[in-house]
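K.L.:
Chain residues, written in single-letter form:
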Amino acid sequence: DAKTTQPNSMESNEEEPVHLPCNHSTISGTDYIHWYRQLPSQGPEYVIHGLTSNVNNRMASLAIAEDRKSSTLILHRATLRDAAVYYCILRDRQTAGGTSYGKLTFGQGTILTVHP
Amino acid sequence: EAQVTQNPRYLITVTGKKLTVTCSQNMNHEYMSWYRQDPGLGLRQIYYSMNVEVTDKGDVPEGYKVSRKEKRNFPLILESPSPNQTSLYFCASSLTGMFGNTIYFGEGSWLTVV
Numbered sequence: 001d002a003k004t005t006q007p008n009s010m011e012s013n014e015e016e017p018v019h020l021p022c023n024h025s026t027i028s029g030t031d032y033i034h035w036y037r038q039l040p041s042q043g044p045e046y047v048i049h050g051l052t053s054n055v056n057n058r059m060a061s062l063a064i065a066e067d068r069k070s071s072t073l074i075l076h077r078a079t080l081r082d083a084a085v086y087y088c089i090l091r092d093r094q095t096a097g098g099t100s101y102g103k104l105t106f107g108q109g110t111i112l113t114v115h116p
Numbered sequence: 001e002a003q004v005t006q007n008p009r010y011l012i013t014v015t016g017k018k019l020t021v022t023c024s025q026n027m028n029h030e031y032m033s034w035y036r037q038d039p040g041l042g043l044r045q046i047y048y049s050m051n052v053e054v055t056d057k058g059d060v061p062e063g064y065k066v067s068r069k070e071k072r073n074f075p076l077i078l079e080s081p082s083p084n085q086t087s088l089y090f091c092a093s094s095l096t097g098m099f100g101n102t103i104y105f106g107e108g109s110w111l112t113v114v
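Here the protein sequences line up with chains P and H, keeping their order.
Just so you know, the first sequence maps onto residues 1 to 116 in this note's numbering.
Just so you know, the second sequence maps onto residues 1 to 114 in this note's numbering.
Don't read these hints as lab results, they were simulated from the structure.
From a predicted model like this one, the values you see are computed outputs, not experimental measurements.
Heads up, a few of these hints could be off.
Listed below are the simulated EDC-like cross-link pairs for lysine to aspartate or glutamate, each with C-alpha atoms no more than 20 Å apart in a straight line [what the hints assert, rightly or not]:
| # | chain 1 | residue 1 | chain 2 | residue 2 |
| --- | --- | --- | --- | --- |
| 1 | P | K103 | H | E62 |
| 2 | P | K103 | H | D56 |
| 3 | H | K69 | H | E79 |
| 4 | P | K103 | H | E53 |
Pairwise CB distance ranges, derived in the manner of DEER restraints [to be verified]:
| # | chain 1 | residue 1 | chain 2 | residue 2 | range |
| --- | --- | --- | --- | --- | --- |
| 5 | P | P116 | H | S80 | 44 to 54 Å |
| 6 | P | Q42 | H | M27 | 12 to 22 Å |
| 7 | P | T79 | H | E107 | 15 to 25 Å |
| 8 | P | H115 | H | R44 | 25 to 35 Å |
| 9 | P | K69 | H | D38 | 22 to 32 Å |
| 10 | P | T113 | H | K18 | 40 to 50 Å |
| 11 | H | R9 | P | N54 | 33 to 43 Å |
| 12 | H | K17 | P | H115 | 37 to 47 Å |
A virtual CB, placed ideally from N, CA and C, is assigned to each residue, including glycine.
Next up, chain H with everything else stripped away, as it sits in the complex (with noise of 0.2 Å):
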């Protein structure tokens, strides 16, 4: 089955706790990307990988960091998490970056930063 894994679903964690959310995809993607999702602001682009060993900032980048080494993988780090990173976070994957290709989004985590 066609599947964008992320992991954890659900964690609390404390302001400048380093934590990693990752995400992975069974589909041979080529394009990766994490997004987050406030209430009133929508799905923001946080990153995007177009492949392995390339990566890009989003919308709101700033707070996180990825790598790409593999190309089923593309964790999202939070080096030093504050409260405003307090979200939902989605990991997302097509087969390439181009237009016509469907997107495939995890199941979401949700983060809590106190």
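Chain P with its partners taken away, still in its complex shape (with noise of 0.2 Å):
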């Protein structure tokens, strides 16, 4: 399984832009690049995924480097909602019974804690 690596937490103040950091080195060219949340006491929830362009939508911006090793989740103005482990994930191929399929293997994940 492709790897990711995300530092184990992050601070940040009410409505002042985050910026959380992903490196995946070891990214394939089919891999996509998934962000995940979870909220204390609830399931994952997804948050935005992109495979080599950037991407916006209504939660966050996906930032992804050109050569597609690291890419950055950025929450525009963060709130106390968004107080979350927030998982990096790249949905790489798996095979079964002739029929690939994308597996999400999730890590550690980052931690961010949001400061009224």
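Join the two chains into one complex using the hints; note that each chain is given alone, in its own frame.
P.N.:
Next up, the structure:
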């Protein structure tokens, strides 16, 4: 499984931007970069994903390095509700019974603390 | 509303007493899977299913069984639970198993085996 490396924790102040980094130096050409977050006592929640180009949605932006060996999740204005564990995951190809599928392998993630 | 629903949410049971954790999704998704989450170990995949009647082992399948008789349901069966299966369990689904699809998770089932 392709691996990702994230800082264990980060802190931010409310209403400031947050840049969460992720290294994935062994990424392959077909790996999608996914970001999920897990709020306390809840299941993981999809944030954003991309393959090669930068991506934006209502929750966040994803900046992908040109060589794809790293990416950054950007929360434009952090709120207290953004305090969570953020997981950077490579959804890589697995094969079962002749069929390929994308497996999510979770690492330890980054604990984001947002201060009022 | 798109949902992955798990039941029960909380359960304390005794060693050896068979139990089933149900999982149902209302999004007509083909791909479903089960994860367990333990402190320091993160989320690990137990079993997954590509579609009806197609299931396979994940990273930690020992002690668990699954079935996929209908598209919407993917129950997790513990035939003879043991204390090391005390964990937080999540069911998940996505439209297909392909790499770009979003995965939706249930709210989790806290299981304690004494």
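K.L.:
State for each hint whether it applies.
P.N.:
Hints, one by one, checked against the model:
1. P:K103 / H:E62: holds, 19 Å
2. P:K103 / H:D56: holds, 12 Å
3. H:K69 / H:E79: Within the cut-off at roughly 18 Å; holds.
4. P:K103 / H:E53: holds, 19 Å
5. P:P116 / H:S80: 44 to 54 Å: holds, 49 Å
6. P:Q42 / H:M27: 12 to 22 Å: Holds: the Cβ-Cβ distance is about 18 Å, inside 12 to 22 Å.
7. P:T79 / H:E107: 15 to 25 Å: holds, 21 Å
8. P:H115 / H:R44: 25 to 35 Å: holds, 32 Å
9. P:K69 / H:D38: 22 to 32 Å: Roughly 30 Å apart at Cβ, these two residues keep to the hinted range, so it holds.
10. P:T113 / H:K18: 40 to 50 Å: holds, 42 Å
11. H:R9 / P:N54: 33 to 43 Å: At 38 Å between Cβs, range holds.
12. H:K17 / P:H115: 37 to 47 Å: 46 Å Cβ-Cβ, so the 37 to 47 Å window holds.
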